[in-house]
Structures are given as C-alpha cells and as structure tokens.
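J.: Here the protein sequences come in this chain order: Y and D.
For the first sequence, the working numbering assigns the number 1 to the initial residue and increments by one for each residue that follows.
For the second sequence, the working numbering assigns the number 1001 to the initial residue and increments by one for each residue that follows.
Under the rule of at most 20 angstroms between Cα atoms (straight-line distance), these lysine to any residue pairs were calculated in the SDA-like manner: (1) Y/K385 with D/I1056; (2) Y/K358 with D/L1024; (3) Y/K421 with D/W1037; (4) Y/K358 with D/A1028; (5) Y/K308 with D/V1049; (6) Y/K385 with D/G1036; (7) Y/K396 with D/P1051; (8) Y/K421 with D/G1036; (9) D/K1010 with Y/R362; (10) Y/K241 with Y/S213; (11) Y/K51 with Y/A24; (12) Y/K358 with D/E1030; (13) D/K1009 with Y/F375; (14) Y/K241 with D/T1054; (15) D/K1082 with Y/R333; (16) Y/K358 with D/T1007; (17) Y/K358 with D/K1009; (18) Y/K385 with D/Q1040.
No lab work stands behind these hints, which were simulated from the structure alone.
Each chain, letter by letter, is given below.
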Amino acid sequence: MTELTKLTLKSAIDGLKAKTFSSAELTDAFIGAIETANPKLNAYVETTFDKARAQAAASDAKLARGEGGALEGAPLGIKDLYCTAGVRTTACSGILENFVPTYESTVTQNLWDQGAVMLGKLNMDEFAMGSSNETSKWGNVVNPWKSRGSNAELTPGGSSGGSASAVAADLCLAATASDTGGSIRQPAAFTGTVGIKPTYGRCSRYGMVAFASSLDQAGPITKTVEDAAIMLQAMCSHDVKDSTSLDLPVPDFSSFLGKSVKGLRIGIPDEYRLDGIPAEIDALWEQGIAWLKDAGAEIVRISLPHTKYALPCYYIIAPAEASSNLARYDGMRYGHRAAGVQSLTDTYEMSRSEGFGKEVKRRIMIGTYVLSAGFYDAYYVKALKVRRRIAEDFTKAYESCDVILTPATPSAAFELGDQAKAADPVQMYLNDVFTVTTNLAGLPGLSVPAGLDSQGLPLGLQVIGKALDEGTVLNIASVLEKAAGFSAKPARWW
Amino acid sequence: MAIDVATVKKVASLSRLRESDERLQSLAGELNGILGWIEQLNEVDVTGVEPMTTAIEMPQPMREDVVTDGDKVAEIVANAPKSVDGFFVVPKVVE
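Chain Y with its partners taken away, still in its complex shape (with noise of 0.2 angstroms):
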C-alpha cells in the first residue's frame, strides 16, 4: 500500500469519499513510511500513532454513513508549534521539553472538526527561528532532496523544516506550518512543495506558540496549490480567542481555481533583482513572466523602493517581540527550571539560559538592546516606521497591478553545517530576502515549485497578493505549476 502516500490531498479526500481505500489503510500506509524514513529524516519529534488510528477509525465510520468534514480520514503532519491538546508541545525548545498543552490551538481544532488525522508533530527551527532547521533542540531535518552526485546532506530550510521535508517525502498529505519571515515559502521553494502564507489575521494565532505577534501567521505546507487552497480553507477562522484575527468570511479558495487570467496585471518588482543571485533563479523568474504572458495576464514593470531595508527592519521588530513574548517563559508556571539554584533571580537566568537555544538567546538580546532606554527610538520605532514606508510601497504598486511574481528564496536548499552561514548570522538571515516583506506588510505570499537546478534541486517562484485576496494568489500559482509541469519528486535513498 505504499503507493497511498504518494497521493495528493484532493485525490486522497476523494478516494476516501468513493471508499477506494480507507482512512485506516491510507493512515498504515504513513505510519509505515514514517517508520521507515524518520529515523533518516528527523521530520517528526513526536509520532501519534495510536491517536491517528483511533482518528481514522472514527473517520471510517463516518465515511460509511456518508458523512465527515471536508479534511475526513486525511493523516496530516502538525508543526511542533501549535499545541495539541495531550500531546507535548516544544517548539522544538528545550524550555519547553516537557510542556504538555490542556487545550488545542484552534487552527488544529479546525482541522480535527473537518476529520482530519494527526500523524505527529513535526520538527522545526526553536521557537520557529531559523532558516535551516539546525537551531532545533531534536536536531536537523535532513531534505529528501540531495544534489545530483553528492551525497551531501542538505538542508529543508526552516523554519517549517520538518513540515517540508514531510510533504516532499510523502510522509503526510499535507502539513501545517507557520510564517514569521518566510518560514513556510523558503522551506517550500526548498523541497519542491507549495507554502502559503495567507493575509495576517485570517487564521487564528491562539494556541500557536508566539514568536513575533505582529508577524506570526499560520499556513499549510503541500504537494500542489489544490491542495494548498483545501488546507487553508480549512485552517482560516475568525476566532475570539484571537484580537488580531480576521472578522471576515473566508472565501472558498478552490473556486478561485482554473479561472482566467487574461488581463490580470502582474507587477515584476526591479528592486528583487539583486546582485549575486544565481542566474539559474533569475532565468526562473523569466520563464514564470513568459508562463504567465502565454496565459493572457499582462506585465507591469513596478517599484518597491523600500525592499533593501526590509531584512534589517524585520531583524529588529521580530526579535523586540521575541523577547517579550519570551519573557514567559520564567521557570516558574510551565516550562524548564533549573535544579540546584536558590535565589529567585538565579532561578530566571539559569532555567532560561538552559532552557533556550544559542539563536533564540541571541534573538532575545537584540529584542531587548533595541527596546532599552536610550535606543527604542533610534531602533525600534525607527523601524516601527519604515515598516510603514515598505507596506505602502506595496499600496503604491497595486494601484499599477493586481499580484506580483517574485522568486521565492535567492538560492537553491544549501548544505547543512554550512560554515559561512553559521559564522555570520547575517548570511543566514539574507534567506528570506524576497519573503520577509509580506510578513511587514501584512500581505498573501506562495511559493510554487516551478523548476529545477543544474544541480538537480528544486526553485520556487512567489506570488505576492494583495491583502485578502488569497484567491488569486493560488489562482496564478496554479497557472504557473500547471505550465511548469514540476512533478520532480526526490530519489528515496532513506
């Protein structure tokens, strides 16, 4: 029954439907493939088999009198930051180890009320901080992918690492992640999966552990933009639990599928042209305008003047929320204390200092330097408003144009243990170079498989759209995935 697992979400809810298979059968069918790969592929921190069984009995049942939600039977993976009710939670910190949440984040909870199943929970960056999943206290994801002749082991990217990495290898239908800075588009581009990032406010951030509130938002990892649409619509919710969250209807974003793009206005950012980008990913990036050319939509050359300015504005916005959403974790209701220390000071430095991950210290520091008296107004509201100028670059261009085609990552997934980047943060932190800048303005992303390397890995394109108009998005992904015909899937060498 291994061929189960390679099905796609749609044609797996389908085959449920028409009881070709049963979810028991498609649910032994993952739990075997995870049994085989995870040890390989570290994707998983945490398995619930047991869980996924009792759910996919459930599941048939329902089948069998002709009902269940729209997800009914269908295993997916859930990244380690959304609690579950019952089963630890880390985010991938050790502060965290032993945390086991009472209640459930309510993206999940939509998805077990549409009949999901829960496979496990997926590995990621600490705290979602990182982009190539090295910074997890269980260790690297190791990608499916690998360069053609090299045995080298790469990285999925981060960081929704384990959610990528579970997709491309065919260890879930589908995966939720979470977006802070490009944390589900990179790691997508990375494994030749789909990512969205949807409008800020349209899925529900409660019960996501916090690491930039302003910035943090939830989306599915997946084999194909259908997919991505049926996840999301499941995943998005308004929800009181959530102050940020969207009081607006979702749209049913499968319907935006297929339609015409004849005189849709596509804006082709100059300022995403940036030196030192491998030639392979510009020349991607033509062929996406040509792709989108040949299917009617018109190119407009657009401005975003602020893009230099978004990486360094991120690195100061994300880390002051960083380190007050971190200022939490205490030792003292939940998380790791540290044994053997007596006053009440030396029990707050010590648990947090064992508890946190070299990066995520680091984080925490630049939060609190750019937020101490003396320097919040030089950095942090400076920063405060340039993220304004750089949302209304964004304003400005959509008056010229109705989505925009960037490419998704500047490079191709890069080795794991890479020297140069783990030497400078700032090489790490130039991965999201063309995605940080949704997260400021608050806007849709996607990354779409839409290509491989010369060296046999996979390239994704993003599509930008305006806020709420998600539909679109997926829409012109799905044109572009369509006239790429990307069924690249990984050799299995685990």
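Keeping the supplied structure of chain Y fixed, place chain D upon it in accordance with the hints.
T.: What follows is chain D alone, placed relative to chain Y:
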C-alpha cells in the same frame, strides 16, 4: 554605536540570561555585526511617518464583560515545575 562586553553583560542581565564571559565576548562581535547591518535604516527618510504597529488596520474588537472561562486549577498547574494543592511553588520572592 559599538557594543562592548560590559553592554552585552547588561543586556544579558536585562534579558534574564546568564552567559559565560567567553560567550559574552563572542556575542559582542555578533551583535555589532547585526546592528551594524541594521544601521542602513538611517538612510530612510521617515519624517512625518507614523509608526506601523499592526499588520492589518482594523478596529479593536469589543466583547461583553462576562466570565467565559474558569475552574481550571488542575489544568493551569498541570505543567508547573513544582506545585502544591493547586498553587505554584516558587523560590522565595521577598527576603
């Protein structure tokens, strides 16, 4: 605005983090690198620009001021490193 080791030590203390002297030294270099890179924001003219504090402009939602939750003592202390009779046990706070 170069950061010296003494400043890093102060920031670590404000962050309630304790780092070894060796690590503080290395952090000074790392933070200088990152903050030096961030300095380019000074090129942007932000005269008259309002700080952007939220990704999407929307009115603050209001709700009825009623009790909607409670009676969850066991759940609240379920993950506590130390608790007794539904109370968190913490180090001595007042000398």
